[in-house]
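Residue numbers (the numbering used here), protein chains in the order written: chain A, 28 to 116; chain B, 14 to 324.
FYI, nobody ran anything at the bench for these hints, they're computed from the structure.
There's no promise every hint is true.
Some chain B residues near chain A, calculated using beta-carbon distances under 10 Å [claimed, not checked]: (1) 66; (2) 68; (3) 261; (4) 276.
The beta-carbon is built from N, C-alpha and C at its ideal position, and this holds for glycine as well.
Each chain, letter by letter, is given below.
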Amino acid sequence: MNAAAYVRSPGLHAVEMDGELVMMGLEQGEYFGLRDVAASIWQHLAEPRTADELCALVADEYDVTATACRADVTAFLDELLGKALIETT
Amino acid sequence: MIIVNADRVLPRCYGLVVDSELPLPDLGPGSPTSRPADVTVRLGSPGPVPDTATLLPLGLWRDGDAVGLVVPDIASYVVRGGREIVVGPEPGADPTAVRLFLLGTVMGALMMQRGHLVLHGNAFRVGDACAVVVGRSGAGKSTLAAELQRRGHDVLADDVVPVDRHGHALPGYPRIKLWQDAVARLGVDSAQLERVAHQVDKFQLPIDRGPAEPGPLPLRWVYVLERHNGRDLRITPAGGMETFGLLHEHTYRHELVHGEEAVRVHLEQCARLAGRARVSRVTRPAATMTAEATADAILSDIAAQPAQESA
Chain A
28 MNAAAYVRSP GLHAVEMDGE LVMMGLEQGE YFGLRDVAAS IWQHLAEPRT ADELCALVAD
88 EYDVTATACR ADVTAFLDEL LGKALIETT
Chain B
14 MIIVNADRVL PRCYGLVVDS ELPLPDLGPG SPTSRPADVT VRLGSPGPVP DTATLLPLGL
74 WRDGDAVGLV VPDIASYVVR GGREIVVGPE PGADPTAVRL FLLGTVMGAL MMQRGHLVLH
134 GNAFRVGDAC AVVVGRSGAG KSTLAAELQR RGHDVLADDV VPVDRHGHAL PGYPRIKLWQ
194 DAVARLGVDS AQLERVAHQV DKFQLPIDRG PAEPGPLPLR WVYVLERHNG RDLRITPAGG
254 METFGLLHEH TYRHELVHGE EAVRVHLEQC ARLAGRARVS RVTRPAATMT AEATADAILS
314 DIAAQPAQES A
């Protein structure tokens with residue numbers, strides 16, 4: 028089982044605009060917007076979290092089963108890792 | 014002996030008193046002031062680009078609180094701490110071109126250093142507030158500004174619009190840069206205007222603002238000029254990340270938003286402005302767009318969308 032914990036990369040800042048969380052990468056001109064579940068996961072990533080913990084948090088907030096959201100959560104984490112917005116601890 | 018601290022006649026730009034060794038007729042004759050200058054412009058050699066500098070596109074570099082600009086055959090510039098500019102013109106450089114980069118990119122960088130969000134566009138007055146039209150170079154911003162001026166909306170700043178932390182746009186100096194065809198369309202004889210730079214068919218249209226110099230005005234509307242291949246002219250409000258993307262894209266010399274601190278400040282500036290101003294896209298038909306039709310659409314949108322109250 029993979030127990031790696033994920034956390035936001037240091038030096039990233041996000042601001043809220045019209046309910047959407049906007050952040051800018053340090054690479055020139057890169058910016059990202061997160062809303063709904065994605066924004067909520069991002070908030071949880073202020074502290075190191077495993078994929079299991081995140082699934083449990085999402086399941087709790089959005090009234091779905093942890094198993095049902097597992098694939099989406101891991102895909103999202105991979106995307107954030109790919110963009111260097113989070114790192115593994 | 015009594016030493017009198019005599020007033021000096023100095024021009025202003027964005028409300029700042031400018032003391033320049035390089036004559037800056039673009040800023041107008043200036044007025045007597047006993048206030049120490051906010052910005053000094055010194056003639057001299059800015060020296061080589063420091064080894065520690067981060068090189069950015071467009072001849073820009075950044076090193077701590079210094080931003081530099083190198084324009085081949087024209088001049089090198091360095092601006093520090095939002096107060097001091099050193100200009101080193103190249104031998105034989107056209108003085109108009111030396112001033113063009115000084116009052117454009119270099120003043121824009123200085124206003125960023127002073128903590129402003131600097132937009133690439135034109136600001137015009139709407140009652141006690143103002144609107145800014147942004148767009149890429151060639152989108153028709155200045156032609157539209159001249160049309161709005163003709164209809165009695167004072168143009169507050171052309172090309173470089175600093176917005177302070179309270180969401181107020183700072184008026185620049187009185188001129189609109191126009192291409193020759195745009196000047197002709199307005200019925201002005203370009204022979205009477207000063208060229209922006211030799212070899213460039215762009216002219217300065219002086220603006221008569223009357224005796225009262227406008228102060229900072231709350232920015233309530235931002236319009237982004239775009240074009241499409243359709244036939245209709247549409248104004249659509251933006252939201253969330255789209256708003257940020259538009260404000261970032263139309264930040265003057267956004268290449269300077271570089272490094273962790275600059276990115277953080279910029280994000281907060283954009284978020285603050287997004288909370289106070291309504292940001293919309295103005296999509297215009299590429300084939301048939303005119304400054305008149307665009308001015309009509311923007312002014313009726315403003316009339317239909319009363320200003321948000323400031324937070």
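Subject >> When the least beta-carbon distance from residue 261 of chain B to chain A is tested against 10 Å, hint result >> reply: holds, 6 Å
Subject >> Restraint outcome when residue 66 of chain B is required to lie within 10 Å of chain A by C-beta distance >> reply: violated, 16 Å
Original post:
Can we keep the residue 68 of chain B interface hint, with Cβ of chain A closer than 10 Å?
Top reply: Not OK, violated: residue 68 of chain B not within 10 Å of chain A, min 12 Å.
Original post:
Hey, does the residue 276 of chain B contact hint survive, CB to chain A under 10 Å?
Top reply: Status holds, d = 5 Å.
Hints 1 and 2, counting from the list given before, are not met by this structure.
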